[in-house]
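With the hints as constraints, model all of the structure from the sequences given.
Protein chains: 2
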Amino acid sequence: MQLLIATKNLGKRREIEAALKDLPLDIVGLDAIPDLPDVVEDGRTFAANASKKALALARASGMLTLADDSGLVVDALGGEPGVHSARYAGPRATNDENNRHLLEALKGFTGKQRSARFVCVIAVASPAEVLFTIRGECAGTIIEEPRGKNGFGYDPLFLYPLQNLTFAEMPAAEKNRISHRAKALAQTKNELERLVKMGLM
Amino acid sequence: MQLLIATKNLGKRREIEAALKDLPLDIVGLDAIPDLPDVVEDGRTFAANASKKALALARASGMLTLADDSGLVVDALGGEPGVHSARYAGPRATNDENNRHLLEALKGFTGKQRSARFVCVIAVASPAEVLFTIRGECAGTIIEEPRGKNGFGYDPLFLYPLQNLTFAEMPAAEKNRISHRAKALAQTKNELERLVKMGLM
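Protein chains in written order, with the working numbering: chain A, 74 to 274; chain B, 74 to 274.
Careful, some of the hints might be misleading.
Any copy will do: because identical chains look the same in the list, a pair fits if it lies in one copy or spans two.
To be verified - Below, computed lysine to aspartate or glutamate pairings styled on DMTMM-like, alpha-carbon distance capped at 20 Å:
1. K262 - D148
2. K270 - E242
3. K185 - E266
4. K85 - E177
5. K256 - E210
6. K256 - E90
7. K270 - E153
No lab work stands behind these hints, which were simulated from the structure alone. Everything numeric in this text was worked out from a predicted model, so none of it was measured.
Written out as structure tokens, the structure is:
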């Protein structure tokens, strides 16, 4: 049984492959399948976006498909940047522009008001239906100046309090052990294992 | 903002209303909306069935809609009865027939082989999309003779080991405190609260 990983991000694909390597599934990348559609991520939740992408690509490829949607949620900003994380400062915003936009939005915010969560929702679909979605979260704080060079997105502003390091200061292996995506992938592995055992794939 | 509860089971509807009563949502029953479609629950997972039902009824009613799908999962039976819980002994099977069928299937099984989980997946959809799904589980053991008169379905065979009572021996209030549906509803409440705060409804 093959599993299509619906991400163009090679780092993400490697992380997913590593997490699922013990399952009896052949992992396939988007590059292996020609003419797949581009899916517009216009859902109102991470789960809606991940589900839409997984189902569209499962239908187009005829394969079991895994997709994720993830972003940063700041409760004091009414959940923003949320599903707009990648385009918070505008449709073609860079990571730096998004980070500056976030610092601007949080100007004058202190203490608990700077609490934030990285959220990742993974959806797995067959061509017929979305089989399940799984949510992983990682809680932290938005600091006032970027720190660190690793990772991407909001990582330089996201302080993981237990280690007093930003995600951009951690080695990739360490971030991949504790991150929102790691948590979602661990549960996704269990759920896929269960479905394989039940003969549903 | 109104929330349609997509269940014909009055006991379930009361349980859901009680769990969500502190939210700023007006809860509406299926009986209030004429001409809603019957949704065929032919999905391969609880999440697929709950999502299908929530989305179909959200589209038909134009309202935010909550649906659930639930059942009993026995790992030693490859996950059965699973999504077939209500019709395990046949398309129009009674609770008693399903229970007898389960005891038959588990004949000769002992100890851990009789482990089972009740699973409940709740889906919430807008007319545009499934906003999220939440899974709740409750672990127990299938005993060899039915015990108790409360509840429904497999409750008389499902022993909750922490209290050494079957679900059918517990008062409804107690079952509703610890059950798979209670767990899913508690998380659903949090998720709905978050979406309301974010202005997504």
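Cross-check of the supplied hints:
For a Cα distance limit of 20 Å, the shortest separation of K262 from D148 across copies, 16 Å, qualifies, whereas the shortest one inside one copy, 29 Å, does not. For the identical chains of this complex, K270 and E242 are neighbours neither inside a copy (40 Å) nor across copies (32 Å), given an alpha-carbon limit of 20 Å. Taking the shortest Cα distances, K185 and E266 sit within 20 Å of each other only across copies (19 Å), while inside one copy they are farther apart (39 Å). Taking identical chains as interchangeable, the C-alpha atoms of K85 and E177 are never at most 20 Å apart, the minima being 29 Å within one chain and 47 Å between chains.
Proximity of K256 to E210 under the C-alpha cut-off of 20 Å is found in both arrangements, the shortest distances being 7 Å within a copy and 18 Å between copies. For the identical chains of this complex, K256 and E90 are intra-copy neighbours only, at 14 Å inside a copy versus 31 Å across copies, given an alpha-carbon limit of 20 Å. Proximity of K270 and E153 under a CA criterion of 20 Å is satisfied inter-copy only: 11 Å between copies versus 39 Å inside one chain copy.
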